[in-house]
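In mature numbering (1 follows the signal peptide of the UniProt record, and there is no 0), the protein residues as written are -25 to -1, 1 to 324.
Hints may be right or wrong, so weigh each one.
[Stated by the list, open to error] The calculated DMTMM-like cross-link candidates involving lysine to aspartate or glutamate, where the alpha carbons are at most 20 Å apart (straight line), are:
#1 167 - 182
#2 197 - 220
#3 180 - 211
#4 123 - 5
#5 195 - 182
#6 177 - 189
#7 119 - 41
#8 197 - 168
#9 75 - 182
#10 150 - 211
#11 177 - 211
#12 150 - 168
#13 150 - 112
#14 197 - 174
#15 177 - 218
#16 140 - 129
#17 167 - 129
#18 150 - 122
#19 123 - 220
#20 197 - 218
[Unchecked claim] Label-pair ranges, simulated between beta-carbon atoms:
#21 76 - 169: 25 to 33 Å
#22 111 - 40: 14 to 22 Å
#23 318 - 54: 34 to 42 Å
#24 112 - 42: 17 to 25 Å
#25 157 - 112: 23 to 31 Å
#26 195 - 100: 20 to 28 Å
#27 52 - 206: 30 to 38 Å
For the record, the hints were derived by calculation from the structure and aren't laboratory data.
Ideal Cβ placement from N, Cα and C applies to all residues, glycine included.
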Amino acid sequence: MIWVTNFKSLLIMAIIPHLFACASACQTDEAAHVRLVQKIGRLGFPNARFLQYLIYNVDRGCFVSENPYKNIQQSIGSGGIILAPSVHARILSALVTSTKRNSRALVIESGSGYLTACFSILTSHTGVTFSSQPNKELTDLARKNVEKWLKHKELGVKFGLELGKQIIFTSGGDKTAWSSNGLYDFIFVRTKDGSVVTELKKLLKREGRLVCLEGPDWGKQKLYLIRYSYYGTYQESFLMNVEYEAPPDKQSPVPPTSAPPAKPKEDTTSEDKETTDVSGKDTIYVPREESTDVREEDTIDSYAEEPFIEPGVFDPDYFSHTSIQVKHIPDSKVLFSLCISIILFMSFF
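Go ahead and model the full structure; you've got the sequences and the hints to work with.
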């Protein structure tokens, strides 16, 4: 009996670390994730193949636990928000072709860390992505999410990325940290009133790009691109409008009375085709999950599925795609259940 007791103790001691690892792993659904990647490719945004590459390698299940693959914006606590997949895709489509060796990027997001992970793939192991979150709580949350993502399928090893080296989190809400890190090749900022845009324009390198999502957390927002040319001039291009339906606790009791703003004139002389909305829609309407009055064609879930093959290794100097077959990885929830079952089984001895 003594040896049985000792065996049980040793087994439990061996299982507990794996149990905690299962609990802290990304809660992913491979099939749903691949379907999302397929639908992103059908949105009509520029650089669709590269978008699929990024979104396939950055699983939203590492950054939000509920409905990670729904085309909805979600609150993540402490005032944080994770944007809808379609909005993330449009942001990335405007930046993906501007990457190069030793790129430096700045992400000013709202706590999820999702775009930080995407940008770190664009800057690669030769560059640096700086991430700024609104406060300490959201900085800790984003860092934790990115750490989970790096461990998921050993993506940190695959891309040669490490926290503190290629991915650096600045002090939460500290604007002085933005300029202390030098100039950037591309920047993303989520801003309510556009007050920081002028300051961020000064932090761009020549031929750098700044993507701004401006507007309230819930409601109408405008997504636009600012390019800093080689000759030292700034060019602003409209990307798209986004309209979020607020959850019940965020809705204003006073209905809006002013007319919606006119659509900004698009820059038709631009050489970069990705600065125009090729999807055929000026506005993407992102409903709450329980909304039923939204036209089907305005949602990401309306697009037909098509075969998807994971692209090859990302090279920031040129885009080379060596197709390899997608392999199924056991879901972390299944591993967690298996660990629990083993412990319960051994408790009967």
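Evaluation of the provided hints:
1. For the hint pairing residue 167 with residue 182, the CA-to-CA distance comes to about 26 Å; that exceeds 20 Å, so the pair is violated.
2. With a C-alpha separation of about 15 Å, the suggested pairing of residue 197 with residue 220 holds against the 20 Å cut-off.
3. Between residue 180 and residue 211, the direct Cα distance comes to roughly 16 Å. Compliance with the 20 Å bound is thereby established for this hinted pair.
4. Taking the CA atoms of residue 123 and residue 5, the gap is about 16 Å. The hint holds against a cut of 20 Å.
5. As the CA atoms of residue 195 and residue 182 are separated by approximately 29 Å, the hinted pair breaks the 20 Å bound.
6. A hinted pair counts as satisfied when its Cα atoms are at most 20 Å apart, and residue 177 with residue 189 qualifies at roughly 18 Å.
7. A hinted pair counts as satisfied when its Cα atoms are at most 20 Å apart, and residue 119 with residue 41 qualifies at roughly 17 Å.
8. With a CA separation close to 11 Å, the supplied pair residue 197 and residue 168 stays within the 20 Å bound.
9. A threshold of 20 Å between alpha carbons decides the hint, and for residue 75 with residue 182 the separation of about 12 Å falls inside it, so the pair holds.
10. The suggested pairing of residue 150 with residue 211 is violated, with an alpha-carbon distance near 23 Å, which exceeds 20 Å.
11. Proximity of residue 177 to residue 211 is assessed by CA-CA distance (about 14 Å); at most 20 Å being required, the pair is judged to hold.
12. Distance restraint check for residue 150 and residue 168: the Cα-Cα separation of roughly 16 Å lies within the 20 Å cut-off, and the hinted pair is therefore satisfied.
13. Distance check on the hinted pair: residue 150 and residue 112 sit about 16 Å apart at the alpha-carbon level, within 20 Å; holds.
14. Between residue 197 and residue 174, the direct Cα distance comes to roughly 19 Å. Compliance with the 20 Å bound is thereby established for this hinted pair.
15. The straight-line distance between the Cα atoms of residue 177 and residue 218 is roughly 29 Å, outside the 20 Å bound, and the hint therefore fails.
16. Proximity of residue 140 to residue 129 is assessed by CA-CA distance (about 17 Å); at most 20 Å being required, the pair is judged to hold.
17. With a C-alpha separation of about 36 Å, the suggested pairing of residue 167 with residue 129 is violated against the 20 Å cut-off.
18. A C-alpha spacing of about 24 Å is found between residue 150 and residue 122, which places the hinted pair above 20 Å, so the restraint is violated.
19. For the suggested pair residue 123 and residue 220, the alpha carbons sit about 30 Å apart, so the restraint of at most 20 Å is broken.
20. Our distance criterion of 20 Å between C-alpha atoms is met by residue 197 and residue 218, whose separation comes to about 9 Å.
21. The hinted window of 25 to 33 Å between residue 76 and residue 169 holds, with their beta carbons roughly 32 Å apart.
22. The hinted range of 14 to 22 Å is satisfied by residue 111 and residue 40, whose Cβ atoms lie roughly 21 Å apart.
23. Range check, residue 318 to residue 54: about 38 Å between beta-carbon atoms, so the 34 to 42 Å window is met.
24. Separated by about 22 Å at the C-beta atoms, residue 112 and residue 42 satisfy the suggested range of 17 to 25 Å.
25. Between residue 157 and residue 112 the beta carbon distance is about 27 Å. The supplied range of 23 to 31 Å therefore holds.
26. Between residue 195 and residue 100 the beta carbon distance is about 39 Å. The supplied range of 20 to 28 Å is therefore violated.
27. Between residue 52 and residue 206 the beta carbons are some 45 Å apart, a value that contradicts the proposed interval 30 to 38 Å.
Going down the numbered hints, you'll see the structure goes against 1, 5, 10, 15, 17, 18, 19, 26 and 27, while the others check out.
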